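Listed below, chain by chain, are the residues.
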Amino acid sequence: GAGVSQSPSNKVTEKGKDVELRCDPISGHTALYWYRQSLGQGLEFLIYFQGNSAPDKSGLPSDRFSAERTGGSVSTLTIQRTQQEDSAVYLCASSLGRGQAGELFFGEGSRLTVL
Amino acid sequence: AQSVTQLGSHVSVSEGALVLLRCNYSSSVPPYLFWYVQYPNQGLQLLLKYTSAATLVKGINGFEAEFKKSETSFHLTKPSAHMSDAAEYFCAVRVASGGSYIPTFGRGTSLIVHP
Chain A
88 GAGVSQSPSN KVTEKGKDVE LRCDPISGHT ALYWYRQSLG QGLEFLIYFQ GNSAPDKSGL
148 PSDRFSAERT GGSVSTLTIQ RTQQEDSAVY LCASSLGRGQ AGELFFGEGS RLTVL
Chain B
145 AQSVTQLGSH VSVSEGALVL LRCNYSSSVP PYLFWYVQYP NQGLQLLLKY TSAATLVKGI
205 NGFEAEFKKS ETSFHLTKPS AHMSDAAEYF CAVRVASGGS YIPTFGRGTS LIVHP
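Chains A and B, in that order, are what the protein sequence lines are. First residue of the first sequence? That's 88 in this note's numbering, and the numbers climb one at a time after it. First residue of the second sequence? That's 145 in this note's numbering, and the numbers climb one at a time after it.
Isolated chain B, as found in the complex:
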């Protein structure tokens, strides 16, 4: 079975500072990994995904994530935070299980951006 751990339920940064949201996964087979963002009162939308091609993945709004197999990590970063980045971020892993690929999500990290 696969699992996802997001370290830190809340991360607080100042506007313009580096954003780092941590995600570690557990999987016995090669995973596909995703980051989704949820703005207040909205559904989740895809930020970026790793599908076994390049290990450094670039997404929307200046976010990127690096797949590190040796560390079983897929941390999300952005060089300079903007107020509009304040949202809930979810890491998800997707592996084959019984012929289906049901995504497993982490508990989420709330990003708070201070002016």
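Excised from the complex, chain A in its bound form:
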């Protein structure tokens, strides 16, 4: 597809389980971002990948969160031992490069509900 694709669109899990969220960015986009959107909290930055550089993990809220990007394309966000406060919409975005003026293209998000 032409846009950023995320899967699953909805995920319901039990507290303590691990989840994986997938993001397929726009072809050719070297920058990839993960944000978390909670009700009334706006977008919270999680992690940023740029090309083959080491990712910027400064936004990850705890060591239960991790992400990888294979081959500079698809990214997977993993949440281990999920907690109820992890419930949110997880948004992935990509952009053409690292430039300041570049537009971010967002996927529709993965809605995670932890029971």
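Everything labelled a hint here was simulated from the structure, so no lab data went into it. Please note that a few of the clues may not be correct.
As a list, the in silico DMTMM-like pairs of lysine to aspartate or glutamate whose alpha-carbon atoms are at most 25 Å apart [said to hold, decoys possible]:
{"no.": "1", "chain 1": "B", "residue 1": "Lys202", "chain 2": "B", "residue 2": "Glu159"}
{"no.": "2", "chain 1": "A", "residue 1": "Lys102", "chain 2": "A", "residue 2": "Glu190"}
{"no.": "3", "chain 1": "A", "residue 1": "Lys98", "chain 2": "A", "residue 2": "Glu195"}
{"no.": "4", "chain 1": "A", "residue 1": "Lys98", "chain 2": "A", "residue 2": "Glu155"}
{"no.": "5", "chain 1": "A", "residue 1": "Lys144", "chain 2": "A", "residue 2": "Glu107"}
{"no.": "6", "chain 1": "B", "residue 1": "Lys202", "chain 2": "A", "residue 2": "Glu155"}
{"no.": "7", "chain 1": "A", "residue 1": "Lys102", "chain 2": "A", "residue 2": "Asp150"}
{"no.": "8", "chain 1": "A", "residue 1": "Lys102", "chain 2": "A", "residue 2": "Glu155"}
{"no.": "9", "chain 1": "B", "residue 1": "Lys213", "chain 2": "A", "residue 2": "Glu101"}
{"no.": "10", "chain 1": "A", "residue 1": "Lys98", "chain 2": "B", "residue 2": "Glu232"}
{"no.": "11", "chain 1": "A", "residue 1": "Lys98", "chain 2": "A", "residue 2": "Glu131"}
{"no.": "12", "chain 1": "B", "residue 1": "Lys193", "chain 2": "B", "residue 2": "Glu208"}
{"no.": "13", "chain 1": "B", "residue 1": "Lys193", "chain 2": "B", "residue 2": "Glu232"}
{"no.": "14", "chain 1": "B", "residue 1": "Lys193", "chain 2": "A", "residue 2": "Glu155"}
{"no.": "15", "chain 1": "B", "residue 1": "Lys193", "chain 2": "A", "residue 2": "Glu101"}
{"no.": "16", "chain 1": "B", "residue 1": "Lys193", "chain 2": "A", "residue 2": "Glu107"}
{"no.": "17", "chain 1": "B", "residue 1": "Lys212", "chain 2": "B", "residue 2": "Glu232"}
{"no.": "18", "chain 1": "A", "residue 1": "Lys102", "chain 2": "A", "residue 2": "Glu131"}
{"no.": "19", "chain 1": "B", "residue 1": "Lys202", "chain 2": "B", "residue 2": "Glu215"}
{"no.": "20", "chain 1": "B", "residue 1": "Lys193", "chain 2": "B", "residue 2": "Glu210"}
{"no.": "21", "chain 1": "B", "residue 1": "Lys212", "chain 2": "A", "residue 2": "Glu190"}
The structure presented is a predicted model; accordingly, all values stated were derived computationally and were not measured.
Given chain A's structure and the hints, the job is docking chain B onto it.
Chain B in isolation, oriented as in the chain A frame:
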């Protein structure tokens, strides 16, 4: 560090009335500023951006925003609201930080349009 403040989590207007969504930023270096819109169950999409050229920026769907350095503001306006404008609007700032330009988003403003 940069930050964005959006005044008002909800703004309600009548169809045909002026839309004004407020955004103030904090940055120690010249910023690039963005407005994104999120329609229900969709990802964010770019409305317009300021990149240090003209201070009055025109975007899609009749929206525009003016960069005012003295007021550190980048308010979004539209002369006449349409029912289809009902959505969540996010202001974002992007500055250089450690060699990257990770956007910081505000908490969002929900625009409600009454018939």
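A quick look at each hint next to the structure:
1. Distance restraint check for lysine 202 of chain B and glutamate 159 of chain B: the Cα-Cα separation of roughly 21 Å lies within the 25 Å cut-off, and the hinted pair is therefore satisfied.
2. A threshold of 25 Å between alpha carbons decides the hint, and for lysine 102 of chain A with glutamate 190 of chain A the separation of about 36 Å lies outside it, so the pair is violated.
3. At roughly 14 Å between alpha-carbon atoms, lysine 98 of chain A and glutamate 195 of chain A fall within 25 Å of each other, so this suggested pair holds.
4. Proposed proximity of lysine 98 of chain A and glutamate 155 of chain A is supported: the alpha carbons are some 20 Å apart, at most 25 Å.
5. Note on lysine 144 of chain A and glutamate 107 of chain A: the hinted pairing holds, with a Cα-Cα distance of about 17 Å set against a maximum of 25 Å.
6. Restraint check for lysine 202 of chain B and glutamate 155 of chain A: the C-alpha separation of about 37 Å exceeds 25 Å, so the hint is violated.
7. Taken as a hint, the lysine 102 of chain A and aspartate 150 of chain A pair is honoured in the structure, with Cα atoms around 16 Å apart against an allowance of 25 Å.
8. Under the criterion of a C-alpha separation no larger than 25 Å, the hint pairing lysine 102 of chain A with glutamate 155 of chain A is consistent with the structure, at around 23 Å.
9. Restraint check for lysine 213 of chain B and glutamate 101 of chain A: the C-alpha separation of about 48 Å exceeds 25 Å, so the hint is violated.
10. Of the supplied pair hints, the one linking lysine 98 of chain A and glutamate 232 of chain B holds, its CA atoms being roughly 23 Å apart against a limit of 25 Å.
11. In summary, the hint linking lysine 98 of chain A to glutamate 131 of chain A is supported, as the alpha carbons are separated by about 19 Å, within the 25 Å threshold.
12. Under the criterion of a C-alpha separation no larger than 25 Å, the hint pairing lysine 193 of chain B with glutamate 208 of chain B is consistent with the structure, at around 9 Å.
13. With a C-alpha separation of about 17 Å, the suggested pairing of lysine 193 of chain B with glutamate 232 of chain B holds against the 25 Å cut-off.
14. A C-alpha spacing of about 30 Å is found between lysine 193 of chain B and glutamate 155 of chain A, which places the hinted pair above 25 Å, so the restraint is violated.
15. With a CA separation close to 41 Å, the supplied pair lysine 193 of chain B and glutamate 101 of chain A exceeds the 25 Å bound.
16. Simply put, lysine 193 of chain B and glutamate 107 of chain A have alpha-carbon atoms about 33 Å apart, too far for the 25 Å limit, and the pair is violated.
17. Simply put, lysine 212 of chain B and glutamate 232 of chain B have alpha-carbon atoms about 23 Å apart, close enough for the 25 Å limit, and the pair holds.
18. Between the alpha carbons of lysine 102 of chain A and glutamate 131 of chain A the distance comes to roughly 22 Å, so the proposed pair stays at or under 25 Å and holds.
19. Between lysine 202 of chain B and glutamate 215 of chain B the CA atoms are separated by roughly 19 Å; this keeps the pair inside 25 Å, and the hint holds.
20. Annotation: proposed proximity of lysine 193 of chain B to glutamate 210 of chain B holds, straight-line Cα distance about 10 Å (limit 25 Å).
21. Under the criterion of a C-alpha separation no larger than 25 Å, the hint pairing lysine 212 of chain B with glutamate 190 of chain A is consistent with the structure, at around 21 Å.
When each numbered hint is compared with the structure, violations occur for hints 2, 6, 9, 14, 15, 16.
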